[in-house]
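Q: Okay, here's what each chain looks like letter by letter:
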Amino acid sequence: DAGITQSPRYKITETGRQVTLMCHQTWSHSYMFWYRQDLGHGLRLIYYSAAADITDKGEVPDGYVVSRSKTENFPLTLESATRSQTSVYFCASSESGELFFGEGSRLTVL
Amino acid sequence: SQQGEEDPQALSIQEGENATMNCSYKTSINNLQWYRQNSGRGLVHLILIRSNEREKHSGRLRVTLDTSKKSSSLLITASRAADTASYFCATDKTYKYIFGTGTRLKVLA
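From first to last, the protein sequence lines are chains A and B.
Add 54 to the 1-based position in the first sequence for the numbering used here, that's all there is to it.
Add 1 to the 1-based position in the second sequence for the numbering used here, that's all there is to it.
Isolated chain B, as found in the complex (with noise of 0.2 Å):
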């Protein structure tokens, strides 16, 4: 079975509005990442974070990890038309990398 699971499988918001995807795993970790989709296309790095890091901001995200919890969220905020994608956070300990099974975002303009 996978490492990552994100909730929602599915999110539609306005465009404006935070878009918040949550992502939980199963074993102990060294770096959690998220990536961006786009319809047919393969996956974009957004951000990476270390286990022994809690918050990570890069322009409009932000990403958090709770290691108790085996949990981490991505805010991307004031969301545009452009962030419409599916997001996928993956998890690695020694360079196995094991993704989720993606939120699908949609950004209403």
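Bound-form chain A, shown alone (with noise of 0.2 Å):
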């Protein structure tokens, strides 16, 4: 189906382990973008890409790592996940202003 999907929507792990959430969107829009959301913050931009092999940072992208290597991928990894890093993820994409997101992924770290 068209859209932009997120997997998994929910994953519960360790402390220091790795986890990646996963990112595909069939538009083939150019920008990609992740954002942890957590109550009193609002949504807080964690790392955007304007192309395939251009990533750049946002507000908050200590502890996480991205890639994109394909125009629809953008995965999240979690290197060594924390208690902090507890949250729901949001991907989203953009051609041209309006941002499209998935339906997130929650994120619960132990």
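Do not rely on the hints blindly, as some may be mistaken.
Unchecked claim - Using 25 Å as the maximum straight-line C-alpha spacing, the simulated SDA-like pairs for lysine to any residue come out as follows:
1) 97(B) with 139(A)
2) 97(B) with 157(A)
3) 57(B) with 94(B)
4) 111(A) with 32(B)
5) 94(B) with 92(A)
6) 65(A) with 43(B)
7) 111(A) with 94(B)
8) 97(B) with 152(A)
9) 94(B) with 116(A)
10) 97(B) with 57(A)
11) 27(B) with 92(A)
12) 111(A) with 28(B)
13) 71(B) with 152(A)
14) 65(A) with 131(A)
15) 94(B) with 114(A)
16) 97(B) with 112(A)
17) 97(B) with 122(A)
18) 94(B) with 152(A)
19) 94(B) with 108(A)
20) 97(B) with 95(A)
21) 97(B) with 121(A)
22) 97(B) with 106(A)
23) 97(B) with 84(A)
24) 94(B) with 98(A)
25) 97(B) with 113(A)
26) 94(B) with 115(A)
27) 111(A) with 43(B)
Said to hold, decoys possible - If you anchor each label on the Cβ, the simulated ranges turn out as follows:
28) 81(A) with 59(B): 13 to 23 Å
29) 107(A) with 61(B): 41 to 51 Å
30) 52(B) with 57(A): 25 to 35 Å
31) 16(B) with 93(A): 24 to 34 Å
32) 61(B) with 57(A): 23 to 33 Å
33) 52(B) with 111(A): 18 to 28 Å
34) 83(B) with 127(A): 31 to 41 Å
35) 62(A) with 81(B): 29 to 39 Å
36) 41(B) with 150(A): 22 to 32 Å
Because the hints were derived from the structure by calculation, they are not lab data.
Each residue gets a CB set at the ideal place from its N, CA and C atoms; glycine is no exception.
Put the complex together from the two separate chains, hints included.
A: Take a look at the structure:
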């Protein structure tokens, strides 16, 4: 189906483990984004990408790694998860201003 | 710190009333957008206003932008219970979209 999909939708992991959240879009949008949403903080930009192989830091990039080898995919990796990274993560894509969001990935780090 | 801050943080109104929420931001922008988020869901785009525009309408939505005050307002007229959601403003300069903290709107039937 066309759109933007995130996986997994729910993930529980332990402190210190590596976790990768996947994001896939079918529109061939140039821009992709990762946000985290926490109570009291709204949405905060982690990383964004303007095209394949071009990524840039957002507001809260520490502890996260991204890659964009293909236009349609933008995985987010937590190399060594910490409890403070418990959050809901949203991926989004855009071509001309409007952002299209996935349904979110709820990550719990124990 | 975040670019945008919405005010009020929470708003509760009766069905049929108008709802107004405000967004203030800190630096110059290209565009300002408003999004809605229903509980547990992703955000949905409502409206985009460019920095050279002052007002824009879309159905029951009216957005204003005052770049001299670095602020925007979203007016929802004749609100419905289905408008219950969180509303966020987002600003961008060169495609780095920064969101505010949101306004939680509750419309009582």
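Q: CA of residue 71(B) to CA of residue 152(A), is that 25 Å or under?
A: Between residue 71(B) and residue 152(A) the Cα gap is close to 20 Å, so the pair holds against 25 Å.
Q: In this structure, is the beta-carbon distance linking residue 41(B) and residue 150(A) contained in 22 to 32 Å?
A: 28 Å, holds
Q: Verify the proposed pairing of residue 94(B) with residue 108(A), using a straight-line Cα cut of 25 Å.
A: Distance ~17 Å between residue 94(B) and residue 108(A) Cα, so the pair holds.
Q: Residue 97(B) and residue 106(A) were given as a pair; does the straight-line alpha-carbon distance stay at or below 25 Å?
A: 16 Å, holds
Q: Sort out whether residue 94(B) lies within 25 Å of residue 111(A), counting only the CA atoms.
A: Holds, because 14 Å separates the two Cα atoms, which is no more than 25 Å.
Q: Check whether the Cα positions of residue 111(A) and residue 32(B) lie no farther apart than 25 Å.
A: Given that 25 Å is the threshold and the Cα spacing comes to 20 Å, the pair holds.
Q: 25 to 35 Å was suggested as the range; check whether the CB atoms of residue 52(B) and residue 57(A) agree with it.
A: 29 Å, holds
Q: Would you mind confirming whether the straight-line C-alpha gap from residue 97(B) to residue 157(A) stays at or under 25 Å?
A: 21 Å, holds
Q: Has the given pair, residue 97(B) with residue 57(A), been kept, meaning a C-alpha gap of at most 25 Å?
A: 21 Å, holds
Q: Holds or violated: residue 27(B) and residue 92(A), Cα atoms, limit 25 Å.
A: 21 Å, holds
Q: Does the alpha-carbon distance linking residue 111(A) and residue 28(B) stay inside the 25 Å limit?
A: With a Cα-Cα distance of about 18 Å, the restraint between residue 111(A) and residue 28(B) holds, given a limit of 25 Å.
Q: When you check the alpha-carbon spacing of residue 97(B) and residue 122(A), does it fall within 25 Å?
A: Within the cut-off at roughly 17 Å; holds.
When held up to the earlier numbered hints, the structure conflicts with none and fits them all.
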